[in-house]
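The listed protein sequences correspond, in order, to chains A and B.
Residue numbers for the first sequence follow the UniProt record's numbering, so the first one is 1 and each next one is one higher.
Residue numbers for the second sequence follow the UniProt record's numbering, so the first one is 1 and each next one is one higher.
Among the clues, some could well be false.
[What the hints assert, rightly or not] Taking lysine to aspartate or glutamate and the DMTMM-like style, the derived pairs with C-alpha atoms no more than 20 Å apart in a straight line are:
| hint | chain 1 | residue 1 | chain 2 | residue 2 |
| --- | --- | --- | --- | --- |
| 1 | A | 78 | A | 225 |
| 2 | A | 78 | A | 128 |
| 3 | A | 44 | B | 119 |
| 4 | A | 162 | B | 119 |
| 5 | A | 179 | A | 190 |
| 6 | A | 165 | A | 126 |
| 7 | A | 162 | A | 126 |
| 8 | A | 165 | A | 74 |
| 9 | A | 23 | B | 141 |
Rather than coming from a laboratory, the hints here were simulated on the basis of the structure.
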Amino acid sequence: MGLTIFVIVAVLLVIVTLLAGVKSVPQGFEWTQERFGKFQRSLKPGLNLIIPYIDRIGRRVNMMEQVLDVPSQEVITKDNALVTVDGVVFYQVLDAAKASYEVGNLQQAVLNLTMTNIRTVMGSMDLDELLSNRDQINARLLAVVDEATEPWGVKVTRIEVKDIKPPADLVASMARQMKAEREKRANILDAEGFRQAAILKAEGEKQAEILNAEGQRQAAFLQSEARERQAQAEAEATRMVSEAIAAGNVQAINYFIAQRYVDALKDVATAPNQKTLILPIEATSVLGSLAGIAEVAKEAFGNKG
Amino acid sequence: MDWLPTLERIQSWHWWVLGALLLILEVFAPGVFFVWLAMAAFMLGLLVFVLPLPVTLQLLLFALLSVVAVLIGRRYVNRLILGGDEGESMNRGASRLVGRTVVVTSAIRNGVGRVRVGDSDWRATGPDVPEGANVLIVSAEGTTLHVREINGTWV
Chain A
1 MGLTIFVIVA VLLVIVTLLA GVKSVPQGFE WTQERFGKFQ RSLKPGLNLI IPYIDRIGRR
61 VNMMEQVLDV PSQEVITKDN ALVTVDGVVF YQVLDAAKAS YEVGNLQQAV LNLTMTNIRT
121 VMGSMDLDEL LSNRDQINAR LLAVVDEATE PWGVKVTRIE VKDIKPPADL VASMARQMKA
181 EREKRANILD AEGFRQAAIL KAEGEKQAEI LNAEGQRQAA FLQSEARERQ AQAEAEATRM
241 VSEAIAAGNV QAINYFIAQR YVDALKDVAT APNQKTLILP IEATSVLGSL AGIAEVAKEA
301 FGNKG
Chain B
1 MDWLPTLERI QSWHWWVLGA LLLILEVFAP GVFFVWLAMA AFMLGLLVFV LPLPVTLQLL
61 LFALLSVVAV LIGRRYVNRL ILGGDEGESM NRGASRLVGR TVVVTSAIRN GVGRVRVGDS
121 DWRATGPDVP EGANVLIVSA EGTTLHVREI NGTWV
């Protein structure tokens, strides 16, 4: 009977021993193995055997990328604006041993490091810079925090500043500033438009006047040319007439002139609404010249006849 | 109730039933453990079926076979069943970056600098190279990448 009890206890011992020695690590985790409390190696995902009673599992480290919310905190910028900032940190444990033993509370450590660095980085910037240079803030934060978490076997893959909230009154005045800026631009554009329009108009008037003057000048030129031509023609005509007279009888010209004269008188007399007939002073002489005309006729026809 | 195993008599099918119960337990228990005991129970059942052994010897053999099952299982499970590359590159930290060509963002001076991998900066060790040079990741350790210069040399 004693033997049987011993055997049963032995079987139980073996089972318990196996239970302590067979470890299966799930994917995404690494377990640290401690021999007499001292770190020895990390167990990779899959089936692992450790020496029972001597070895123990220390920490079960999550090797997956973790996301950590950075709670909102108040930061004073370089130009003394108080803004509320929150963010998010992504990190991944790359070295299970370091993450287990080099730092006490990894998550707390990463969080605090990030928060203080957000203060540092944002505190060195103006509010305007803060709002427009998020990329730069993220990059600087990442560089600093990643460097600092290196000894912990942790890789910080990303830090993003989620929300930057300036105080409400500041937001209001910023909006006012923006509105004023826009209005200023609009006014300037307006004035610019008016100026341009006036210039264009003046330029148009100037051009018109120049063209006008040019036209008049050209017209004058043409007129004088015409007059010149007319004078030339008259001179030619006179020359031809005088040549004709020189060649023929002088009485011919007298006849010519007399006919013109009578025609002109007829015109004057038959003009409408002409109650009074004004005769030139020399009219009598014209009448006298009629005798001359008769003389001419007499001479012309008489001599013939 | 003479089908129950007693300390005087354990039959082969008793072991098989135990094996099945242990397998059921395995499904519900966390971790992989009871499957080894189940294997041992099945093997022992086979052995007892062939040649009847005294109960004490059977129990001792069960303990022994459990250890053997774990040892054999570890050898073959890790090599044959888990042996594929599937999942090997997951959660392996920086090792997955080995073989990539990256750009130095902060000159490697006195053997330490930083390189850009994807959209993040990594600490890098290797021969001194100026900023902007191309380097090849040859190995990784924790969060540090070991790099080799590739500009001007054959790759």
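Verify the proposed pairing of residue 162 of chain A with residue 126 of chain A, using a straight-line Cα cut of 20 Å.
-> holds (18 Å)
Does the alpha-carbon distance linking residue 78 of chain A and residue 128 of chain A stay inside the 20 Å limit?
-> Distance ~10 Å between residue 78 of chain A and residue 128 of chain A Cα, so the pair holds.
Distance restraint between residue 44 of chain A and residue 119 of chain B, which requires alpha-carbon spacing of 20 Å or less | violated (27 Å)
Is it true that the CA of residue 165 of chain A sits at most 20 Å from the CA of residue 126 of chain A?
-> At roughly 14 Å apart (the allowed maximum being 20 Å), residue 126 of chain A and residue 165 of chain A satisfy the hint.
Compare the distance between the alpha carbons of residue 162 of chain A and residue 119 of chain B with 20 Å, and conclude whether the hinted pair is satisfied.
-> The hint holds at about 18 Å.
Do the alpha carbons of residue 179 of chain A and residue 190 of chain A lie within 20 Å of each other, as the hint requires?
-> holds (16 Å)
Hint consistency between residue 23 of chain A and residue 141 of chain B [alpha-carbon to alpha-carbon, up to 20 Å] | Given that 20 Å is the threshold and the Cα spacing comes to 25 Å, the pair is violated.
Take the C-alpha atoms of residue 165 of chain A and residue 74 of chain A, compute the straight-line distance between them, and say whether it is at most 20 Å.
-> holds (9 Å)
Quick one, are residue 78 of chain A and residue 225 of chain A close enough, alpha carbons at most 20 Å?
-> violated (85 Å)
The structure shown violates the earlier hints numbered 1, 3, 9.
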